[in-house]
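**Q** Whole structure, please, built from the sequences with the hints as guidance.
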Amino acid sequence: MKAVVVVFPGSNCDTDCFNVLKDVMKVPVEFVWHKEGSLPDCDLVVLPGGFSYGDYLRTGAIARFSPVMQAVKQHADSGRLVFGICNGFQILLEAGLLPGAMLRNRSLQFICKPVTLRVETVKTAFTQKLTQGSVLEIPIAHGEGNYYCDDDTYQRLADTDSVVFRYASEMGVLGDEFNPNGSRGHIAGIVNERRNVLGMMPHPERASEPVLSMTDGLGIWQSLAGAL
Amino acid sequence: MSQTAVAVTPEMIALHGITPDEYKLIVQKIGRDPNLTELGMFSVMWSEHCSYKNSKPILKLFPTTGQKVLVKAGEENAGIVDIGDGLAVCFKIESHNHPSAIEPFQGAATGVGGIMRDIFTMGARPIFSMNSLRFGRLELPLTRRLFSGVVAGISHYGNCMGIPTVGGEIYFDECYEGNPLVNAMCVGLVESKGIVKGKASGVGNPVYYVGPATGRDGLGGAAFASKDLSEESHEDRPAVQVGDPFMEKLLMEACLELSRTDALVGMQDMGAAGLTCSTCETAARASLGIEIDLAKVPRRETGMTPYEIMLSESQERMLVIVKKGKESVVETIFEKWDLHAVKIGEVKDGRLMRVYDDGKIVAEVPAKALVDEGPIYIREEQKPAYLAEAQKLDLSQIKAPVDFNLVLKKLLDHPTIASKAWVWQQYDHMVRTDTVFYPGHDAALVRIKGTQKALACSTDCNSLYCYLDPFEGGKIAVAEAARNVVASGARPLGMTNCLNFGNPMKPEVFWTFHQAVDGLSAACRALDIPVTGGNVSLYNESPAGAIYPTPTVGIVGLLENIDQRVPSSFQNDGDLIFLLGQTLNEIGGSHYLHVIHGLKKGLPPRLVLEREAALQHLLLSMVPQKVLASCHDLSEGGLAVTLAESCLHSAQKLGAVIDQIEMVMASALGPHADPHAALRLDALYFGESQSRAVVSVRPENKERLIHEAQRFDVPVFQIGKVGGPNLVVGDKIKLSVAEMDKIFEDAIPRRMAAGSASESVKKS
Chain A
8 MKAVVVVFPG SNCDTDCFNV LKDVMKVPVE FVWHKEGSLP DCDLVVLPGG
58 FSYGDYLRTG AIARFSPVMQ AVKQHADSGR LVFGICNGFQ ILLEAGLLPG
108 AMLRNRSLQF ICKPVTLRVE TVKTAFTQKL TQGSVLEIPI AHGEGNYYCD
158 DDTYQRLADT DSVVFRYASE MGVLGDEFNP NGSRGHIAGI VNERRNVLGM
208 MPHPERASEP VLSMTDGLGI WQSLAGAL
Chain B
609 MSQTAVAVTP EMIALHGITP DEYKLIVQKI GRDPNLTELG MFSVMWSEHC
659 SYKNSKPILK LFPTTGQKVL VKAGEENAGI VDIGDGLAVC FKIESHNHPS
709 AIEPFQGAAT GVGGIMRDIF TMGARPIFSM NSLRFGRLEL PLTRRLFSGV
759 VAGISHYGNC MGIPTVGGEI YFDECYEGNP LVNAMCVGLV ESKGIVKGKA
809 SGVGNPVYYV GPATGRDGLG GAAFASKDLS EESHEDRPAV QVGDPFMEKL
859 LMEACLELSR TDALVGMQDM GAAGLTCSTC ETAARASLGI EIDLAKVPRR
909 ETGMTPYEIM LSESQERMLV IVKKGKESVV ETIFEKWDLH AVKIGEVKDG
959 RLMRVYDDGK IVAEVPAKAL VDEGPIYIRE EQKPAYLAEA QKLDLSQIKA
1009 PVDFNLVLKK LLDHPTIASK AWVWQQYDHM VRTDTVFYPG HDAALVRIKG
1059 TQKALACSTD CNSLYCYLDP FEGGKIAVAE AARNVVASGA RPLGMTNCLN
1109 FGNPMKPEVF WTFHQAVDGL SAACRALDIP VTGGNVSLYN ESPAGAIYPT
1159 PTVGIVGLLE NIDQRVPSSF QNDGDLIFLL GQTLNEIGGS HYLHVIHGLK
1209 KGLPPRLVLE REAALQHLLL SMVPQKVLAS CHDLSEGGLA VTLAESCLHS
1259 AQKLGAVIDQ IEMVMASALG PHADPHAALR LDALYFGESQ SRAVVSVRPE
1309 NKERLIHEAQ RFDVPVFQIG KVGGPNLVVG DKIKLSVAEM DKIFEDAIPR
1359 RMAAGSASES VKKS
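Order-wise, the sequence lines are chains A and B. All you need for the numbering used here is the position in the first sequence, starting with 1, plus 7. All you need for the numbering used here is the position in the second sequence, starting with 1, plus 608.
In short, the hints are calculated from the structure, not lab data. Heads up, a few of these hints could be off.
[To be verified] Here are the simulated DSBU-like pairs of lysine-lysine, each with C-alpha atoms no more than 30 Å apart in a straight line: (1) B:Lys1329 to B:Lys1261; (2) A:Lys33 to A:Lys80; (3) A:Lys120 to B:Lys1057; (4) B:Lys1057 to A:Lys9; (5) B:Lys968 to B:Lys956; (6) A:Lys120 to B:Lys1018; (7) B:Lys1017 to A:Lys120; (8) A:Lys120 to B:Lys932; (9) A:Lys136 to A:Lys29; (10) B:Lys680 to B:Lys1007; (11) B:Lys931 to B:Lys968; (12) B:Lys801 to A:Lys29; (13) B:Lys1028 to B:Lys661; (14) B:Lys904 to B:Lys932; (15) B:Lys637 to B:Lys968; (16) B:Lys1342 to B:Lys1208; (17) B:Lys904 to A:Lys42; (18) B:Lys1114 to B:Lys1209; (19) A:Lys29 to B:Lys944; (20) B:Lys1342 to A:Lys29; (21) A:Lys136 to B:Lys1057; (22) A:Lys80 to B:Lys944.
[To be verified] For each label pair, taking beta carbons as the anchor points, the in silico distance ranges come out as: (23) B:His948 to A:Pro35: 32 to 38 Å; (24) A:Val180 to B:Val1216: 50 to 56 Å; (25) A:Pro217 to B:Ser895: 40 to 46 Å; (26) B:Met1360 to A:Met178: 26 to 32 Å; (27) A:Met8 to B:Ile710: 49 to 55 Å; (28) A:Asp157 to B:Lys1057: 39 to 45 Å; (29) B:Lys944 to A:Arg65: 24 to 30 Å; (30) A:Met8 to B:Ser800: 36 to 42 Å; (31) A:Gly233 to B:Glu865: 52 to 58 Å.
Ideal Cβ positions, reconstructed from N, Cα and C, are used throughout, including at glycine.
**A** Here you go:
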């Protein structure tokens, strides 16, 4: 497997994703600057977290016009993998690669803390090594992670098994008290119908080394490595 | 309009805060009367903020040398200390108190932005931030507005920069009502050979302006003058600048990219006094001259006068001195990051700083006159009258409480002691994936990827102690910050400080300033910690009076092997708990005395420096063998609060049973103690005697701990065991960890929610 991490102006989890891929997963990885019109030959494109363009206008709203996004779309259209984390997820929504939109957190505050997620489907390259219904502890860090979509879209997400992660209790129970941002249906991550583009708000790259006290993110990287 | 139209009248001079004697000195330095632009330049460069004219003689008392110090205090934008393997750490703390009092969000945000620039100016990549925040009582709507605004501002700027805010301290006390303190600290990592200096060396080297364009923001302090300057500056501008962390993120990446090339000669951020300060300081450091042409400075407003351009404090700008012939390297990097990089001048022979506007000279001043030759004042000092009364405390009049459970609950519910999760969950404290100890630990701990090393950091100051005894309070601030760093397993490297005081013209305020610096210095010497820099914030007064003397200390330490880190909280059921250090009848200045008895009186605890050093050496001696399972220092709230926190911060919410506390009681009559005073129970449970720590060890490490403690002559008491659902201390305290957790975690959110509910009722 070969991976690239796209760097937008204002990306700040780019090196974190790079380090996990390179040092923890031992995967060949390189950075791609957002002004590039094409991608090097690769299997996985990571759109990292951060504040691309300072979140001006709306999160991800300007980054989607970066030259590299055309190449990212082509990459996705060819069936290869695209992984948007946090701001990367927001960019995928703005770019139309995933359905729905982000609202500000219900509390109107930025929230950084570990949360627990229930794995809703293992039928994706990103989750194939996880256990259906298992619970992962992975941190969030966002001000706008309150996922929203209309009823038709929500139904379609359900019908196509496209909800990948939901915020849940440590026991896997759903409820408002376990949803940190108010997202519709407690959604934390979704995949497109072709199942090769995943967006999630929590940061698996922050939960992939024992020294950081959390390692549940590893299963996602291992699923990806195993898929390719 | 031309600025020569504005006369430099005595009124204008006074408006610039320049005394008649200082004006005479200016005339003497430049051999004529200054024009308005020059007057403005002198006014900012000779202000306390830039020149330390009132504090310099006192700041000289600090010990600033050390074997590992690579850049000393005062030499550059921030001090730098060697950490081995070709790496060095660059850190500094700075205040943004007054802007935050006016506009908390932007005030705090630009404070964070400013201190980060100080770090990456040196070629260091900022790797984490800390802060020290102080507000009035949280019961007041104004406090809640300032508190939530400051936290949101720090969150906004730090999160967007992608630099984790990993810890700090927050105090709530009525002395800060109307005058909150916002002290921001940043720590950066740099290769020792890649350190960038703020020097304009090499005659003929081009001087570049980089970053966003200049506007009139930050001129508020001088707005009185602006009004006469041009038609377009009539509108009153806020004195507080507006920060743009996105711009700063781009600027940081571009500057760090530039620092890795061979094109860079020197770099200096444009903070206070903007273009004026950065140009004259870089020239003065190189003992050379500098020339700039204002016509080339990018602007975002029209009609700006030279005065305004030279004094603007628009954010996120840098001055860069480039090797002649390498201009294209700079221009290419800044173009990549979509930032301005404009050549505005050149390094010149001689010592003059010369400013042109469209070919005409608008200012011409010896650079050193602005930077190094300002007035220095020895201010009058007088021991404050309040001290005699405030220090009086008759212990026999203080009744020991009946219900110790209630006391502990009240202390855990006090916002200064309670959980600050409401705050730090708004900070991205994990980005960069290096944060090993989250906020809530004694010290933050951040690993350095590619090495085994980690940096520990703590900010501390108990200002009530400083109010009651500034010398002792100063000593304790250093000792506590160092103790916190040591508790995590790290060895202190250096200290930075932010000296927040009232009006230095008041002899009583100045006395406390001098005493506190003496105390800080004494502790730094005893613990062998060099002072590497910092900042002074004076005039912290509201109509109600001056704040408590608040010499905030930030200490950074090095842990050579991250695997040897020591957490603050209990780790394993069945571990043995020990109290290290001597407990005395010290409840003066304690939180217990304040919260329970409503008194802010007495002498604060005495810090015996030799005993503090012995404790810290003992703790460090046990790090390589990993003797300790946990270590938590004793501070606000004493033994009971420390034990409670050791339970509350443990991942499994472990309880503890302290059933051998009578050993500590008995020892009060032992060789270390005053034989005439039996230990009071409230002093044992809630007193704040210094140089103490609660540690837990696996049973098999018990003998080793006792042996080491004896070797360092530190009193050691086995007091109990980790385990169970409750914290039980003697026969006085029995509380479930779950109940304490609820009190501890709810204290701040409850007050914030109650406030917003009642405020929204008022609005409707």
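**Q** Now tell me if each hint is right for this structure.
**A** Evaluation of the provided hints:
Among the hinted pairs, B:Lys1329 with B:Lys1261 is consistent with the structure: their alpha-carbon atoms are about 14 Å apart, no more than 30 Å. Taken as a hint, the A:Lys33 and A:Lys80 pair is honoured in the structure, with Cα atoms around 26 Å apart against an allowance of 30 Å. Our distance criterion of 30 Å between C-alpha atoms is met by A:Lys120 and B:Lys1057, whose separation comes to about 22 Å. For the given pair, B:Lys1057 sits about 22 Å from A:Lys9 by alpha-carbon distance, which is consistent with the 30 Å threshold.
At roughly 17 Å between alpha-carbon atoms, B:Lys968 and B:Lys956 fall within 30 Å of each other, so this suggested pair holds. Distance hint between A:Lys120 and B:Lys1018 is fulfilled; the C-alpha atoms sit about 27 Å from each other, no more than 30 Å. Distance restraint check for B:Lys1017 and A:Lys120: the Cα-Cα separation of roughly 26 Å lies within the 30 Å cut-off, and the hinted pair is therefore satisfied. Taking the CA atoms of A:Lys120 and B:Lys932, the gap is about 49 Å. The hint is violated against a cut of 30 Å.
Proposed proximity of A:Lys136 and A:Lys29 is supported: the alpha carbons are some 20 Å apart, at most 30 Å. Taken as a hint, the B:Lys680 and B:Lys1007 pair is broken in the structure, with Cα atoms around 50 Å apart against an allowance of 30 Å. Taking the CA atoms of B:Lys931 and B:Lys968, the gap is near 26 Å; set against the 30 Å cutoff, the hint holds. A threshold of 30 Å between alpha carbons decides the hint, and for B:Lys801 with A:Lys29 the separation of about 26 Å falls inside it, so the pair holds.
Annotation: proposed proximity of B:Lys1028 to B:Lys661 is violated, straight-line Cα distance about 37 Å (limit 30 Å). Taking the CA atoms of B:Lys904 and B:Lys932, the gap is about 18 Å. The hint holds against a cut of 30 Å. Between B:Lys637 and B:Lys968 the alpha-carbon distance is near 22 Å, which keeps this suggested pair within the 30 Å criterion. A hinted pair counts as satisfied when its Cα atoms are at most 30 Å apart, and B:Lys1342 with B:Lys1208 qualifies at roughly 28 Å.
Our distance criterion of 30 Å between C-alpha atoms is met by B:Lys904 and A:Lys42, whose separation comes to about 28 Å. As the CA atoms of B:Lys1114 and B:Lys1209 are separated by approximately 23 Å, the hinted pair is consistent with the 30 Å bound. For the given pair, A:Lys29 sits about 26 Å from B:Lys944 by alpha-carbon distance, which is consistent with the 30 Å threshold. Of the pairs offered as hints, the one joining B:Lys1342 and A:Lys29 is violated, with about 50 Å between alpha carbons and a cut-off of 30 Å exceeded.
Annotation: proposed proximity of A:Lys136 to B:Lys1057 holds, straight-line Cα distance about 28 Å (limit 30 Å). With a CA separation close to 23 Å, the supplied pair A:Lys80 and B:Lys944 stays within the 30 Å bound. A hinted range of 32 to 38 Å for the beta carbons of B:His948 and A:Pro35 is consistent with their spacing of about 37 Å. Hint check: A:Val180 to B:Val1216, Cβ distance near 54 Å, so the stated range 50 to 56 Å holds.
Look at A:Pro217 against B:Ser895: about 53 Å separates their beta carbons, and that is not inside 40 to 46 Å. A C-beta distance of roughly 29 Å is found between B:Met1360 and A:Met178, which places it inside the suggested range of 26 to 32 Å. Taken as a hint, the range 49 to 55 Å holds for the pair A:Met8 and B:Ile710, whose Cβ atoms sit roughly 53 Å apart. Between A:Asp157 and B:Lys1057 the beta carbon distance is about 43 Å. The supplied range of 39 to 45 Å therefore holds.
Take B:Lys944 and A:Arg65: their Cβ atoms lie about 25 Å apart, and the range 24 to 30 Å holds. In this structure the hint that A:Met8 and B:Ser800 lie 36 to 42 Å apart at CB holds, the actual value being about 37 Å. Checked against the hint of 52 to 58 Å, the pair A:Gly233 and B:Glu865 fails, with Cβ atoms roughly 36 Å apart.
Comparing the model with each numbered hint stated earlier shows that hints 8, 10, 13, 20, 25 and 31 do not hold.
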